[in-house]
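K.L.:
Listed below are the residues making up each chain.
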Amino acid sequence: MQLVLEKRAERSNTIALVSPLIAIGLTIVTMSILFVILGKNPISALGVYFIDPLTDSYSLQEIAVKASPLVMIAIGLSLCYLANAWNIGAEGQFLVGAVAGSWLAVKTQGTDAGPWVLPAMLLLGAAAGALYALIPAICKVRFGASEILTSLMLVYVADLFLDYLVRGPWRDPKGFNFPTTAEFDPVATVPLLIETGRLHLGAVIALVVVAAGTVLLGKTIKGFEIRVVGAAPRAARFGGFNSNQLILLTFAISGALAGLAGIIEVAGPVGHLQPGISPGYGFTAIIVAFLGRLNPVGILIAGLFLALTFIGGEQAQIAMKIPLDVTKVFQGILLFYVLACDSLILYRFKLIYASAKVA
Amino acid sequence: MELVEAIILAVLAASTPLLLAATGELITERAGVLNLGVEGMMIVGAACGFGGAWLSGSIIVGALCGIVAGALLSLIFALMTLGLAVNQVATGLALTILGIGLSGLIGARFVGEKITPAPHLHIPGLTDIPLVGRILFGEDGFIYLSLALVVAVWWFLYKTRAGLILRAVGDNHVSAHALGYPVLQIRMYAVMFGGACAGLAGAYLPLAYTPFFIPGMTAGRGWIALALVVFASWRPGRLVIGAYLFGAVTILQLHAQGWGVGVPSQLMSALPYLATVIVLVLISRARSGGSTAPAALGTVFVPDR
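In order, the protein sequence lines correspond to chains A and B.
Using our numbering, the first residue of the first sequence is number 22, and each one after it goes up by one.
Using our numbering, the first residue of the second sequence is number 20, and each one after it goes up by one.
Treat the hints as calculated values from the structure; they're not laboratory data.
The beta carbon of each residue, even a glycine, is placed where N, CA and C say it ideally should be.
Accuracy of the hints is not assured; some may be wrong.
Some chain A residues near chain B, calculated using beta-carbon distances under 7 Å [stated by the list, open to error]:
1. Leu26
2. Met174
3. Asp346
4. Leu356
5. Leu360
The task is simple: from the sequences and hints, build the whole structure.
P.N.:
Shown next as structure tokens:
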């Protein structure tokens, strides 16, 4: 018996819609098996993961809070991946954005700076993220260095840089030697949407990014060029599209969005700069981008779903002593299934029983 | 002189996981497959390797556990990219994400435990020669193994028929297929060899480098190994030079921190990563005339029947 792939005459649109759902279904089955191996009741574990967070207002807000950075970063990454440019350093761009924005918050601390501080911080964060992402993009375009490896290496550099700042020059003198800046002033903090809740302006910004992404990809010539360069590089060359320019552009956009997400996270839910501000948003966003089929609206849904797994994972740890790493395993398995199911869009799987194997 | 000897010993130890992982990935890439999951396979190899050694009390059992774990993970990768024709870059990333989670899950119960690290060779007389004795005749077994592996891989690639076929598959899968070679099967073996080496490389860390397991202890070494393959222009000999250069950077920054050089420790820690970026740029620039990468690297192959 042998599995053979047969190319479909046309890509299947039905399967393009259903494949993420099949992938989620398969992941849940696999996770149930994993829960049994860990000695937990799979039904109640899945309930804690996927149902409980949806039943109270605090968790629902928390899902939106966690989904905002994921969606913002993933929209940017989807542009890169569509253009066949592999930015996997969003985590670093997120951190650098957080650092650049925090610089202003730290410098204006305790002064009577006006309400311009927060918008300026957001701009700084986005600009720094874009510049940081342009390093691997320029290395790729100018010298042909693999953007995959360079962008990833810069994640470690950004992480160490942040660590240096909060342990050294930016450390809060009243912080009992903890590696953190002082709490940001109110003018340097992202406002909450509901007075007593957790939901903040970042969620609205994420929705704006989704809308902008939809327009860019669907309605503009640049969006068309991005899709063609990735899907049909030869056609793009004949069309005279400049693929190097598109690599720079998509990297800059995705870096800006990751940097923006970074400073919003620091000036919003966290409130100060410290190591560990990201539970791996930059890497999880890669999964979000693929699960959302590199489509802005799909990414919004996928982002909410993966945010749910973060919250569910935390609750499962408290309620059932399930290790937090299970969430990462879950996310990795999900990405595998998503990619495998995507293969169904282009190919038909056929089992051949006879041993007529042509080597 | 004591210090020089100590530094050289430390450099060799720091280079070995890089060399092992990069040697495996070199074979994978020579067959035309880009497996970006090295970091994931290494970290699972580290967790399983330590677990195996701690439970059995044997370093060899631990190393075997690491090898098997790495090979099994790479088998998933092979089934996805070769069997289902999925994009290799995306699948490699998935493998790394999964590996980091799995290693945390497997390794959780071993955190805080200790083992006796792999013993060092001792040949009376030879090992006691001043200066060179310990460097040449006093290493742990993995270091000799990694060098033997490089020689074996070089011999396989350039001196055997199987190696020639493997290179052909990596350079032009359509022609290799037309000549009747089982492209996907050959690639699967190459991927699994890469996985086994990455698993062993990961296991080296808790078995010989530091005698305990901590989550995330590979700290990007898998990615540096990938960069080393590019640095080496896909040639085994240059891999050794590259790995030892990177090992030297790692150790020198540690010593510089110890000597109290007036530079923030984080900047020193960032050096290996910055060096990787700079080396990749220099190598790629020098090669702008023509690429030495296997021609079919990273491309999907679906045999038509």
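K.L.:
Does A:Leu356 pass the interface hint, meaning its C-beta sits closer than 7 Å to a C-beta of chain B?
P.N.:
holds (4 Å)
K.L.:
A:Leu26 was flagged as interface toward chain B. Is the shortest Cβ-Cβ separation under 7 Å?
P.N.:
holds (5 Å)
K.L.:
With a cut-off of 7 Å on the beta carbons, see whether A:Met174 makes it to chain B.
P.N.:
holds (4 Å)
K.L.:
Regarding the hint that A:Leu360 lies at the interface with chain B, is the smallest CB-CB distance below 7 Å?
P.N.:
holds (5 Å)
K.L.:
Once the shortest beta carbon distance from A:Asp346 to chain B is found, is it less than 7 Å?
P.N.:
Check passed: Cβ of A:Asp346 comes within 3 Å of chain B, closer than 7 Å.
In summary, the structure agrees with every hint in the numbered list given earlier.
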